[in-house]
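Here the sequence shown is numbered in this note's numbering, starting from 2 and rising by one per residue.
Check before you lean on any hint, since a few could be wrong.
Quick list of in silico lysine to any residue cross-link-like pairs, SDA-like style, CA-CA up to 25 angstroms [claimed, not checked]:
| # | residue 1 | residue 2 |
| --- | --- | --- |
| 1 | Lys236 | Tyr220 |
| 2 | Lys103 | Tyr220 |
| 3 | Lys236 | Arg259 |
| 4 | Lys236 | Ser219 |
| 5 | Lys103 | Leu171 |
| 6 | Lys103 | Pro160 |
| 7 | Lys103 | Lys236 |
| 8 | Lys103 | Gly134 |
| 9 | Lys103 | His19 |
| 10 | Lys103 | Gly157 |
FRET-style restraints, in silico, Cβ to Cβ [said to hold, decoys possible]:
| # | residue 1 | residue 2 | range |
| --- | --- | --- | --- |
| 11 | Tyr238 | Gln21 | 22 to 30 angstroms |
| 12 | Val133 | Gln21 | 21 to 29 angstroms |
| 13 | Phe244 | Asp106 | 17 to 25 angstroms |
If you are wondering where the hints come from, they were derived from the structure by calculation, not from laboratory data.
We put the beta carbon where it would ideally sit given N, CA and C, even for glycine.
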Amino acid sequence: MAGNAHHARKIENPSLVHPQAGPGEVLLHIRTTGCGSDVHFWRRSCIGDLTVDGDCILGHEPAGEVIQLGPGVSGLAVGDRVAVEPGVPCGYKVHAARFVHKLPDSISYRTASLLEPLSVALHALRITPIDVGTPVAIFGAGPIGLLVMAVARASGAHPVVITDVDETRLEFARTFEPHCLTHKVEVGAMVRESANAQRMPAVVLECTGIESSIIAASYTVRRGGRIDVVGVSSKPYLNNIPFMHLSLAEVQLRFINRYHGT
């Protein structure tokens, strides 16, 4: 059984024939998936300029159980619980064995489905390492922003300020990480004040991809600081980035594309 979206807000459940694992592959029973992208596809049949044309079986960022091994597969066994590097289109999926990772018993399937977005946060902080005591601001308190905040805190960042326009998200952020500072609006001056005038954010992690948020980040980071745009924009072009301000302040502006090896 698979969730098949082919019109906005409409999901069908087609019956599919289970595939067989080929050389170097495993057949997986998908137990959980978790990704905001699927919600966007369901609501609007698109994410930015990426559209659903025809039928689209939803589901990636999954965890599941190995139910069949293909020829040549080693290091895995039937019954293994695994996290899966994404690209999973149905409830039973043949997948390259090298892209599934065994789970310890302490990690549930539900938690394991969050490992892929956690990898995005780890990749961002690996590209821009944070030392103990580095002041950090995070723009966007959605799932990626919250995970980036968790990784930043685990890396020793202090203080950590997270912003969003949604008070409900900020309430959850305070529950998720009680030591963080929150602001409902993305105003650079307010974020700087929270981080302390003597310790303006050295690193800003922008987790929305929204142009106005990137602009606010540009005026929040300290001179010589770094901005990592982790969020994905719904627009192919952003025309209002304050180039001269970033140039004169020698701010490093970098874009993060998901993850690699995390």
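ask   = Hey, Lys103 versus Tyr220, does the alpha-carbon distance stay inside 25 angstroms?
value = violated (43 angstroms)
Keeping to a limit of 25 angstroms between CA atoms, is the pair of Lys103 and Lys236 held or broken? With Cα atoms ~37 angstroms apart, Lys103 and Lys236 exceed 25 angstroms; violated.
query = Given a hinted range of 21 to 29 angstroms, is it respected by the beta-carbon distance of Val133 and Gln21?
reply = violated (51 angstroms)
- CA of Lys236 to CA of Tyr220, is that 25 angstroms or under? holds (21 angstroms)
Check your understanding: If you draw a straight line from the CA of Lys103 to the CA of Leu171, is it 25 angstroms or shorter?
Key -> violated (34 angstroms)
Worksheet item: Given the proposed pairing of Lys103 with Gly157, does the C-alpha separation stay at or below 25 angstroms?
Response: violated (28 angstroms)
25 angstroms Cα cutoff - pair Lys103, Gly134: At roughly 34 angstroms apart (the allowed maximum being 25 angstroms), Gly134 and Lys103 break the hint.
Does Lys236 pair with Arg259 here, judged by a C-alpha cut-off of 25 angstroms? holds (17 angstroms)
Can you let me know if the beta-carbon spacing of Tyr238 and Gln21 is within 22 to 30 angstroms? Violated, since Tyr238 and Gln21 (Cβ atoms, about 45 angstroms apart) do not stay within the stated range.
Quiz prompt | Pairwise hint evaluation, His19 against Lys103, where the allowed Cα distance is 25 angstroms at most | solution = holds (22 angstroms)
Worksheet entry | Given pair status - Pro160, Lys103, alpha carbons within 25 angstroms | Violated - the C-alpha atoms of Pro160 and Lys103 are around 35 angstroms apart, more than 25 angstroms.
Check your understanding: Is 17 to 25 angstroms right for how far apart the beta carbons of Phe244 and Asp106 are?
Key -> Because 52 angstroms falls outside the window, the suggested range is violated.
Hints 2, 5, 6, 7, 8, 10, 11, 12 and 13 from the list above are not met by this structure, while the remaining hints are.
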